[in-house]
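Visitor: Spelled out, the chains give:
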Amino acid sequence: MSNLISQFEDIKEKNNSINAYITFSDLPEKQLITDGKLSGKTIAIKDTISTLGLRTTCASKMLETYVPPFDAHVVTLLKKHGAMILGKTNCDEFAMGSSTEHSAFGPTHNPHDLERVPGGSSGGSAAAVAGNLADLALGSDTGGSIRCPASFCGIVGLKPTYGLISRYGLIAYGNSLEQIGPMAKTVYDCALLLECISEYDDRDATCIQTKNPEYTQHLDDDIGDLKIAVPKEFFGNGTDRVVEQTVWDTIKKLESEGAIIEEISIESIKYSLPAYYIIAMSEASSNLARFDGLRYGLHSEKSNDWNELFSKNRKLGFGFEVKRRIMLGTFALSSGYFDEYYVKAQHVRSLIASNFKRVFNKFDVVISPTMPTLPFKIGEKITDPLSMYMSDVDTVSANLAGIPSLSVPCGSSNSLPIGIQLMSNHFNEQTILNLGNKIEQFRGMVK
Amino acid sequence: MLPNKKIIDSKKYSELSKIDLSPEETKILNEQFPKILEYFDLLSKVDTSKIEHVESISNVFREDIARDSIADEILDIFPSKKERFVKGPRMM
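Chains A and B, in that order, are what the protein sequence lines are.
Under the working numbering, the first residue of the first sequence carries the number 1, and numbering increases by one thereafter.
Under the working numbering, the first residue of the second sequence carries the number 1, and numbering increases by one thereafter.
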């Protein structure tokens, strides 16, 4: 324990340059559970996930002083399995962003190059793991928020199947799209954390009862000659040559090891990004209506007019990106525009989901780059929202279709990490974890 | 036919969203919204007339049994209250 306390002081010191954490825990005097699956492991938790007695801000001024009176289901499970929670990590405000620059607590820096973004929105969680400020981390992924920072920081991150993990205690942004998921240095640790947090919870009506697979037990099982589809739409105009080349090198390596590779086309993928943003913003405008400062969160001076008071509280509490998304979502749901935007986006979502379903009748896995580019410089995209939204072009389809998606490091360019994205059919996490494990092994990573 | 982008009016949607905007914020959003909506309008090119809905939707029930409540802890957080009620501004 004394060792851990001195390590904790080092972590706090290192955090000064990375800014991965917003709030540190008070470490317990002794490890309470010594024989849990996660005993001896330290973990960082994204600050959108509620922790009893530990400040949970969503990286927003709105919740700067909010201390939840309950634990999220996943946090209860982490404690049950003996994980040592080190603190709460930085992210884009209310998980809205792809760079962790939209935080009321300043940007997080990529441990591989402090002038670059760690990706987002779970950038603090990814940077904590990559920078050795925690063994494991939890993120949440609405349109790529686990996989994007995992790719940019050179770690492993999984967005599970929609419904595998309870969202009880996850502060909602786009609730029909998002899942909490594991982030770690290795596929093994990612699988270990996944099996600890995927326990059914009836407090989330979208949580689906499964038989709690032991992912780590089967990680080295022979997966045979997998049939892998590579949709050309994931290698569009905005994809860096070096990213495309590195991902294809990995695909060719898989082919030489026996996988059957086929290039295919899923045309609807081209429309996934606008469909995703319309749905996510619409859900955000509704989910964030609860932040009015009346019961908790930031509240300004008294006003005798509720309309004026709420509008003032929300003006002071929300950052500019959150305001932009709430307003666009309100627009997409408003009378006269609802059918053209929201309903149309839902139809496109169904089309994308049915297209993926068809692909998985024939193939086991779909592969793409996780991110179209290398980690960009801090400040590079912050004033151009559309260009920032485009960063999510390869990740949002998995959220629209509700399928599991894993990002695994597959190479680097000028010391900047590149991630490969592995997607599979609903509840088929084991297949992509095993494939990720194989990629890790032939890259010579230590398990 | 999709609506004319010019119609999106930051002031109207700021009122509907219950978010006061500064004149500077309004100016930036008025510049950005048409570009973002033009991108969203890509969806008009997709033929969705024969969409099959693949999501399986079903009701989820649980037993209606009493559980421990954290009502008192939640009440503790209210910035302004009277007895066990949150106190807010006048509605009318």
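Hints should not be assumed to be uniformly reliable.
DSBU-like mimics (lysine-lysine), calculated; alpha carbons at most 35 Å apart, straight line [as the list claims (entries may be wrong)]:
(1) A:K302 / B:K82
(2) A:K315 / B:K27
(3) B:K11 / B:K81
(4) A:K270 / B:K87
(5) A:K227 / A:K302
(6) B:K12 / A:K315
(7) B:K82 / A:K315
(8) A:K312 / B:K27
(9) A:K315 / B:K81
(10) A:K252 / B:K35
(11) A:K438 / A:K14
(12) B:K82 / A:K61
(13) B:K45 / A:K312
(14) A:K377 / B:K87
(15) A:K312 / B:K82
Label pairs and their in silico Cβ distance ranges [said to hold, decoys possible]:
(16) A:F338 / B:S49: 14 to 24 Å
(17) B:L42 / A:K14: 39 to 49 Å
(18) A:Q441 / B:E73: 30 to 40 Å
No lab work stands behind these hints, which were simulated from the structure alone.
Backbone N, C-alpha and C fix where the C-beta goes; we use that ideal spot for every residue, glycine too.
Visitor: If a hint holds in the structure, say so; if it doesn't, say that too.
Guide: Cross-check of the supplied hints:
1. Of the supplied pair hints, the one linking K302 (chain A) and K82 (chain B) holds, its CA atoms being roughly 16 Å apart against a limit of 35 Å.
2. Simply put, K315 (chain A) and K27 (chain B) have alpha-carbon atoms about 16 Å apart, close enough for the 35 Å limit, and the pair holds.
3. Among the hinted pairs, K11 (chain B) with K81 (chain B) is consistent with the structure: their alpha-carbon atoms are about 33 Å apart, no more than 35 Å.
4. Taking the CA atoms of K270 (chain A) and K87 (chain B), the gap is near 49 Å; set against the 35 Å cutoff, the hint is violated.
5. The hinted pair formed by K227 (chain A) and K302 (chain A) fails the criterion: a straight-line CA distance of about 63 Å is larger than 35 Å.
6. For the hint pairing K12 (chain B) with K315 (chain A), the CA-to-CA distance comes to about 15 Å; that is within 35 Å, so the pair holds.
7. For the hint linking K82 (chain B) to K315 (chain A), the alpha-carbon distance of about 26 Å falls within 35 Å, and the restraint holds.
8. Annotation: proposed proximity of K312 (chain A) to K27 (chain B) holds, straight-line Cα distance about 19 Å (limit 35 Å).
9. A hinted pair counts as satisfied when its Cα atoms are at most 35 Å apart, and K315 (chain A) with K81 (chain B) qualifies at roughly 23 Å.
10. Our distance criterion of 35 Å between C-alpha atoms is broken by K252 (chain A) and K35 (chain B), whose separation comes to about 39 Å.
11. A hinted pair counts as satisfied when its Cα atoms are at most 35 Å apart, and K438 (chain A) with K14 (chain A) qualifies at roughly 32 Å.
12. At most 35 Å may separate the alpha-carbon atoms for a hinted pair to count; K82 (chain B) and K61 (chain A) meet this at roughly 26 Å.
13. For the hint pairing K45 (chain B) with K312 (chain A), the CA-to-CA distance comes to about 40 Å; that exceeds 35 Å, so the pair is violated.
14. For the suggested pair K377 (chain A) and K87 (chain B), the alpha carbons sit about 46 Å apart, so the restraint of at most 35 Å is broken.
15. In summary, the hint linking K312 (chain A) to K82 (chain B) is supported, as the alpha carbons are separated by about 23 Å, within the 35 Å threshold.
16. Judged by the Cβ atoms, the range 14 to 24 Å given for F338 (chain A) and S49 (chain B) holds: they are separated by roughly 18 Å.
17. The beta-carbon spacing between L42 (chain B) and K14 (chain A), approximately 43 Å, falls within the hinted interval of 39 to 49 Å.
18. Between Q441 (chain A) and E73 (chain B) the Cβ separation comes to about 48 Å, which falls outside the hinted range of 30 to 40 Å.
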